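Protein chains: 2
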Amino acid sequence: MQTVAIAGVGLIGASFGLALRREGFSGPILGVSSPDAISAARQIGAISDAVSLEEACSRADVIYLSQTVDRIAETLKAMGPFVTHETLVTDAGSTKVTICAAAAQHLPDRCFVGGHPLAGKETRGAQSADAGLFRGHVYILTGMQGRTSPHFATFNDYLEKFGARVVQLTPQQHDQALAFTSHLPQIVSTALAAALSGQSNPHLRSLFGPGLIDMTRLALSPSDIWSGILNDNREFVLQAIDRFCDQMKITRREIASGTVEGIFESAREFALEVRKNAR
Amino acid sequence: MQTVAIAGVGLIGASFGLALRREGFSGPILGVSSPDAISAARQIGAISDAVSLEEACSRADVIYLSQTVDRIAETLKAMGPFVTHETLVTDAGSTKVTICAAAAQHLPDRCFVGGHPLAGKETRGAQSADAGLFRGHVYILTGMQGRTSPHFATFNDYLEKFGARVVQLTPQQHDQALAFTSHLPQIVSTALAAALSGQSNPHLRSLFGPGLIDMTRLALSPSDIWSGILNDNREFVLQAIDRFCDQMKITRREIASGTVEGIFESAREFALEVRKNAR
Numbered sequence: 508m509q510t511v512a513i514a515g516v517g518l519i520g521a522s523f524g525l526a527l528r529r530e531g532f533s534g535p536i537l538g539v540s541s542p543d544a545i546s547a548a549r550q551i552g553a554i555s556d557a558v559s560l561e562e563a564c565s566r567a568d569v570i571y572l573s574q575t576v577d578r579i580a581e582t583l584k585a586m587g588p589f590v591t592h593e594t595l596v597t598d599a600g601s602t603k604v605t606i607c608a609a610a611a612q613h614l615p616d617r618c619f620v621g622g623h624p625l626a627g628k629e630t631r632g633a634q635s636a637d638a639g640l641f642r643g644h645v646y647i648l649t650g651m652q653g654r655t656s657p658h659f660a661t662f663n664d665y666l667e668k669f670g671a672r673v674v675q676l677t678p679q680q681h682d683q684a685l686a687f688t689s690h691l692p693q694i695v696s697t698a699l700a701a702a703l704s705g706q707s708n709p710h711l712r713s714l715f716g717p718g719l720i721d722m723t724r725l726a727l728s729p730s731d732i733w734s735g736i737l738n739d740n741r742e743f744v745l746q747a748i749d750r751f752c753d754q755m756k757i758t759r760r761e762i763a764s765g766t767v768e769g770i771f772e773s774a775r776e777f778a779l780e781v782r783k784n785a786r
Numbered sequence: 508m509q510t511v512a513i514a515g516v517g518l519i520g521a522s523f524g525l526a527l528r529r530e531g532f533s534g535p536i537l538g539v540s541s542p543d544a545i546s547a548a549r550q551i552g553a554i555s556d557a558v559s560l561e562e563a564c565s566r567a568d569v570i571y572l573s574q575t576v577d578r579i580a581e582t583l584k585a586m587g588p589f590v591t592h593e594t595l596v597t598d599a600g601s602t603k604v605t606i607c608a609a610a611a612q613h614l615p616d617r618c619f620v621g622g623h624p625l626a627g628k629e630t631r632g633a634q635s636a637d638a639g640l641f642r643g644h645v646y647i648l649t650g651m652q653g654r655t656s657p658h659f660a661t662f663n664d665y666l667e668k669f670g671a672r673v674v675q676l677t678p679q680q681h682d683q684a685l686a687f688t689s690h691l692p693q694i695v696s697t698a699l700a701a702a703l704s705g706q707s708n709p710h711l712r713s714l715f716g717p718g719l720i721d722m723t724r725l726a727l728s729p730s731d732i733w734s735g736i737l738n739d740n741r742e743f744v745l746q747a748i749d750r751f752c753d754q755m756k757i758t759r760r761e762i763a764s765g766t767v768e769g770i771f772e773s774a775r776e777f778a779l780e781v782r783k784n785a786r
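Line by line, the protein sequences give chains A and B. Heads up: the first sequence is residues 508 to 786, going by the working numbering. Heads up: the second sequence is residues 508 to 786, going by the working numbering.
Everything labelled a hint here was simulated from the structure, so no lab data went into it. One or more hints might be untrue.
Which copy? The list can't say, so a pair holds if one copy fits it or any two copies do.
In silico EDC-like pairs for lysine to aspartate or glutamate, Cα to Cα no more than 20 Å straight-line [said to hold, decoys possible]:
id, residue 1, residue 2
1, K628, E776
2, K668, D577
3, K756, E768
4, K756, D721
5, K628, E562
6, K783, E629
7, K584, D543
8, K628, E768
9, K628, E780
10, K628, E772
11, K628, D721
12, K668, D568
13, K584, D616
14, K584, D556
15, K756, E581
16, K628, E561
17, K584, E768
18, K756, E772
19, K584, D753
20, K628, E593
21, K783, E742
22, K628, D731
23, K668, E530
None of these values were measured; they are calculated from a predicted model.
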């Protein structure tokens, strides 16, 4: 792994570049992105050069696609004619079924591994990038036919050096689980903020405690990134919404009848368990 | 204000005692609570002595009720025969209509001011207390007939010294606003954790990012405190749940049809505004 290319040097792509540098990678890091994103990423040292997608395909041993999920599918199609058989192509998209299918279609017999770092922020762009973004978080790898690339082992080693916990799943398992643990919390935060925003009571904008701040953090997330994710994973996302709305109905009924303790206990147990597993 | 009594020395009551000490109050701080709570509060210096409610009524210039909301109503009834006409009685309960009505009934012609510091944690007890808990947060005062107490001005000055932003509302305005900005976020966090907890997919307990951690923090809150709040404010809480569930239905429809941008924009605007107002 002498040369790396990053397509889409926003929060995740630029953090990947910074993390490579911090862990001692000294080769060229090529950026494929818009002029503004390139300029921000170069300024913080996340990339060394700006190149076209075609040049990235001819020069890089590892190509890291960290664009929005719909753009990643387009990029896989566009790079099809140029990717060599040894190059490792991987991505950081928040959905995996569609992207792995696009890779199978457009990069047949080439080395693709789908990826998804379960790390992020509600802010975007290289200016929010952080070499430590992946530390302590799960990094899912999926669609593993690309492990035949001679560069896969080195790439995987870097993920470990970043402090990420690498987990392998099928694309289907990934999209189903994340519909519940990532996409649903995003939707709930957005719907909560939208519901309050639709009320005319002016006190709702000034009288709140720290709980509302936590519960509306995800509502700050960029809509263009999320509309791609939600469109892509629509089926599992609608299932997750339906389960949540069923639970809201049960909760409403228990509040109406004055017996909420049971729901609080199972919720608390789950919240404690995810905190234990997050360590 | 020579002597203060605190009934219920949990997180809020013990933080009130610590904050008084930090701002220079040197008189006795009497605690009325269970033996375990008294012991924890005395250990951290939040109270100086343990007394009965009757003794607290005869000795204290200010009596601070920081129990669960149903206990506060009971305490108001129990203290009725003992409170003098000059003593300021105030509380820190999360609902205000019922408590102010109980004070009007059981302490007629005495000095009661309802209170609610919009600060808190998902943990409980004096061991979580913090002299800085109120800093930067709104402190609502309501049912203001108690400002005729000669001790009200000093009490109010201490709240300002704690760094709280004192806001006056009617009990009704309080309960309606907090149903949306505090009770609804609590219910949504609990329902989200309960919905995930009810799924058999084992990945839901290990594959998640920082968003799920934020969105389930409130789900750690103690059920006994919250069942009292939700029972007490049931009517407004059910209204808030219904508005939120309407918004979830709209959001589901927009995800199904692939047009979520509008909801994200209004949600983001609201989330930005509350952050600006939190400063």
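Now for the hints, and whether the structure bears them out:
1. K628 <-> E776: Classified as between; 17 Å across copies, 26 Å inside a copy.
2. K668 <-> D577: neither (29 Å within a copy, 53 Å between copies)
3. K756 <-> E768: within (15 Å within a copy, 26 Å between copies)
4. K756 <-> D721: neither (23 Å within a copy, 23 Å between copies)
5. K628 <-> E562: Classified as neither; 31 Å inside a copy, 53 Å across copies.
6. K783 <-> E629: For K783 and E629, only the inter-copy Cα distance (16 Å) is at most 20 Å; the intra-copy one is 23 Å.
7. K584 <-> D543: Close neither inside one copy (24 Å) nor across copies (67 Å); limit 20 Å.
8. K628 <-> E768: Between. Shortest inter-copy distance 19 Å satisfies the 20 Å Cα cut-off; intra-copy 33 Å does not.
9. K628 <-> E780: For K628 and E780, only the inter-copy Cα distance (19 Å) is at most 20 Å; the intra-copy one is 22 Å.
10. K628 <-> E772: between (29 Å within a copy, 17 Å between copies)
11. K628 <-> D721: Classified as both: same-chain Cα gap 13 Å, cross-chain 12 Å, threshold 20 Å.
12. K668 <-> D568: within (19 Å within a copy, 61 Å between copies)
13. K584 <-> D616: Result: close within a single copy only, 14 Å intra versus 79 Å inter.
14. K584 <-> D556: This pair counts as neither: shortest intra-copy Cα distance 23 Å, inter-copy 75 Å.
15. K756 <-> E581: neither (40 Å within a copy, 32 Å between copies)
16. K628 <-> E561: The answer is neither: 30 Å in one copy and 53 Å across copies each exceed 20 Å.
17. K584 <-> E768: Answer is neither; intra-copy 53 Å and inter-copy 26 Å both fail.
18. K756 <-> E772: within (17 Å within a copy, 27 Å between copies)
19. K584 <-> D753: Classified as neither: same-chain Cα gap 40 Å, cross-chain 40 Å, threshold 20 Å.
20. K628 <-> E593: neither (33 Å within a copy, 53 Å between copies)
21. K783 <-> E742: neither (30 Å within a copy, 36 Å between copies)
22. K628 <-> D731: Answer is within; shortest intra-copy Cα gap is 15 Å, inter-copy 33 Å.
23. K668 <-> E530: Within one copy only: 7 Å inside a chain, 48 Å across chains, cut-off 20 Å.
Going through the hint list in order, the structure does not satisfy hints 2, 4, 5, 7, 14, 15, 16, 17, 19, 20 and 21.
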